[in-house]
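S.K.: Next come the chains, spelled out residue by residue.
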Amino acid sequence: MTRLAPALAPLAGLVLALGLLAATRGLDDLAREGQLGPGFWPRLVLVGLATVCALRVVVAWRGAWAHRVADPDAAPLARGRLAIAVGLILLYVIAVPVLGFPLATAGFIAAFMIVAGARQARGVAAAAVGGTIGLLYLFVRVVYLPLPKGAGPLEAVTLSLYRLLGIF
Amino acid sequence: MAESLAYLGVGFQNAFAPVNFLMVVLGLAIGILAGVLPGITMLNSIVLVLPFTYLMGIVPALLLMIGIYCGGVFGGSITAILFNIPGDPMNVPTAWEGHPLNRQGRARYALGLAIMASAIGGLASALCLAFFAPPFARFALSFSTVEFFSVVVFGLASVSVLGHASATGALISLLAGMFLGTVGTEAQYGVERFTFGVPFLRTGVDFVTVLIGLFAIGEILDQLAGPSTQTAAVTKTRSVPRLPLLDLWPLRGSLIRGTAVGIAVGGLAGAGATVSSFVAYGLEKQVSRDPERFGKGHAGGLVAAESANNGSTGGAMIHLLTLGIPGSAATAVMMGVFLIHGIQPGPLLFTRQPEQVYTLFAGMILANVLMIGLGFLAAVVFAALMRVPASILNTLIVVFCFIGAFALRNDMADVWLTMLFGVLGFVMRRWDLPVPPMVMGIILGPMAEQYFLTSMVSHGNDLSVFVTRPVSAVALGLAAAAVAWAVWRSQRQPVGETAEVPNPTKGSPTPGAR
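Chain order of the listed sequences is P and L. If you use the numbering used here, the first sequence corresponds to residues 84 to 251, in order. If you use the numbering used here, the second sequence corresponds to residues 505 to 1018, in order.
No wet-lab data here; the hints were simulated from the structure. A few of these clues could be false.
[Said to hold, decoys possible] Beyond 10 Å from chain L on every Cβ pair, some chain P residues (computed): (1) 98; (2) 124; (3) 144; (4) 160; (5) 205; (6) 208; (7) 222; (8) 226; (9) 232; (10) 234; (11) 236; (12) 237; (13) 239; (14) 243; (15) 248.
[Said to hold, decoys possible] Pairwise CB distance ranges, derived in the manner of DEER restraints: (16) P:108 with L:848: 32 to 42 Å; (17) L:924 with P:111: 26 to 36 Å; (18) P:101 with L:881: 18 to 28 Å; (19) P:101 with L:796: 47 to 57 Å; (20) P:170 with L:646: 48 to 58 Å.
[Stated by the list, open to error] Result set (SDA-like, lysine to any residue): computed pairs, CA atoms no more than 25 Å apart in a straight line: (21) P:232 with L:924; (22) P:232 with L:968; (23) P:232 with L:912; (24) P:232 with L:900; (25) L:800 with L:609; (26) P:232 with L:913; (27) P:232 with L:916; (28) P:232 with L:915; (29) P:232 with L:558; (30) P:232 with L:920.
Idealized CB from N, CA, C, for every residue including glycine.
Whenever a hint applies, use it, and build me the whole structure from the sequences.
M.R.: Okay, here's the thing in structure tokens:
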């Protein structure tokens, strides 16, 4: 497996490059006589990418890169914390248009801080509330950025919050 | 020369306008802060303030960026010296020499040397930029698309060589970035490429989403995936720096060599401050009478690395302003600021907007002078700020990234792209794929395509034009030599040993620990 692991990423890159290369078919249909079409450049880049990925697969298979990925001195990967962090970030992006920026951001700051190692409930709450209010003043009131207000009744909640804070 | 001085005078008048002056100071403060705080690099901070520049004029926006650039390049040296935590990879040589000096009880001396070397290196670099950029721009005006293509190729090729241990890893990253640059509606024929029916991809992948995702989110995920990230390691210190003007005189040779290397290497497209500091440090070790003292607190090594760091800033700006080609990831973001304000950097900038250009030069000179005072204050104050928990910092960075991506087009699709590139950035770091080449690829790739296709139309698809024109031939020759050297170096590198720039977030950067 230590031999296979370093080859997986370049192998995926090789397969992706070849798949995208196939998608360049038809791009040159509109090309004028005697001129290079819009498919030429991406095809050149993808051939280069496939070649370098193939080279790296071969070298990785021979074990030359095994030490880079399977470094025995490397710090262990905190897979659980990483998965939760990625999940929280994706959940945040999903939640903002639904809940609105203020509610989603306050929740995200609290949750992400805990995942990142914060343990004091008061500190987390203060950062979540204070941070969100600060960001709202800065970006909605000062910069006039139309941050998402939420869907349905939650939009009214966001607008009420803006009025309460004197932002609108 | 007289013309340059006259324009520089106008530039200083503009730079001292209250708003512009404030932007320089604010930029310096943000840059130094970003350099000091763990997990935030100078590049991150430039990216994070990008949304704030949308509503500014071009001059204050760029002065803010220049302040961050100059301050950020210096800022990481404070933590490198005090805590052995380089703020950026470019500050690693500073940690190698500065922290041992700190442990010998000479923190004030080391901090003072770093402040003065950075300021003098940056000042010399800015003066070079002010007086030598115009002739370079005039020379650049004689370039056709053939020469521009070759220079862009040289920039792309040098990315694959400098600062990366794995040539193939850098090439994969670079080519992937160049591919991303082809996504969207093609300019000449109006054909959609690789949009797969997704509407927002018709306008292409915005490089800002790639930048924010790869650098900021990717870095945070990388930190979270490692050991405990609650607080940065802090060493209690009461050291207040002093400005060692007299102490610097015996080290003038190191200072001159470091500054010269910084300007020269910074002038190479794709190089930048990290390469400059390592090259200057290596050169200093070569010429030193006492090389055995390197790694044990050698003041000359510290001065050379720090002066090269900031010396590279002017060199990197020459490419951006005269050719419209960013010489580093930081100047790539600055190019974004130009483009956001509808201005195309390049040779014509000097004839169409000379006052704005010289205001930038004046701002850069001003920033390096002000850095002495601000750097001094920062060294005292930021030791306390190092205690801010990483959990708060990282969380707020994610929210700032969200806002920065959303503000591009008020479109959640850009936020999604940013977060996806963040995950990609983490994966790339873990799989030995350097991130900067991808950013260079997505920015320089479309330029290379445009120059290449225009050259082919102009010269009847005759490829020989790239080698029959002298400047083009030299640039392509240098590009070929750069790639050949990278491959040769990769072949010579024994298994189990990497020449990669040590990652400051992963382990001690001291030579003895490597």
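S.K.: Now, for every hint given, state plainly whether the structure supports it.
M.R.: Structure-based check of each hint:
1. 98: holds, 13 Å
2. 124: Given a closest Cβ separation of 4 Å, the condition is violated.
3. 144: holds, 13 Å
4. 160: violated, 5 Å
5. 205: At roughly 13 Å from the nearest Cβ of chain L, residue 205 of chain P sits farther out than 10 Å, so the non-interface label holds.
6. 208: Non-interface label stands for residue 208 of chain P: nearest chain L Cβ at 12 Å, farther than 10 Å.
7. 222: Per Cβ check, residue 222 of chain P is inside 10 Å of chain L; nearest 6 Å; violated.
8. 226: Non-interface label on residue 226 of chain P violated, nearest chain L Cβ at 7 Å vs cutoff 10 Å.
9. 232: Holds, because the least Cβ-Cβ distance between residue 232 of chain P and chain L comes to about 12 Å, which exceeds 10 Å.
10. 234: holds, 12 Å
11. 236: The assertion about residue 236 of chain P holds, with a minimum of 20 Å to chain L.
12. 237: Holds, because the least Cβ-Cβ distance between residue 237 of chain P and chain L comes to about 16 Å, which exceeds 10 Å.
13. 239: holds, 20 Å
14. 243: Check passes; 22 Å lies beyond 10 Å.
15. 248: holds, 17 Å
16. P:108 with L:848: 32 to 42 Å: holds, 34 Å
17. L:924 with P:111: 26 to 36 Å: holds, 30 Å
18. P:101 with L:881: 18 to 28 Å: violated, 56 Å
19. P:101 with L:796: 47 to 57 Å: Cβ of residue 101 of chain P to Cβ of residue 796 of chain L: about 53 Å, so the range 47 to 57 Å holds.
20. P:170 with L:646: 48 to 58 Å: Check passed, 55 Å falls within 48 to 58 Å.
21. P:232 with L:924: Holds, at about 23 Å.
22. P:232 with L:968: violated, 58 Å
23. P:232 with L:912: holds, 17 Å
24. P:232 with L:900: Measuring from Cα to Cα gives roughly 20 Å; hence the hint holds.
25. L:800 with L:609: Holds. Residue 800 of chain L to residue 609 of chain L sits at ~13 Å (cutoff 25 Å).
26. P:232 with L:913: Between residue 232 of chain P and residue 913 of chain L the Cα gap is close to 16 Å, so the pair holds against 25 Å.
27. P:232 with L:916: The given pair, whose Cα atoms are some 13 Å apart, holds under the 25 Å limit.
28. P:232 with L:915: holds, 13 Å
29. P:232 with L:558: holds, 22 Å
30. P:232 with L:920: At roughly 18 Å apart (the allowed maximum being 25 Å), residue 920 of chain L and residue 232 of chain P satisfy the hint.
The structure shown violates the earlier hints numbered 2, 4, 7, 8, 18 and 22.
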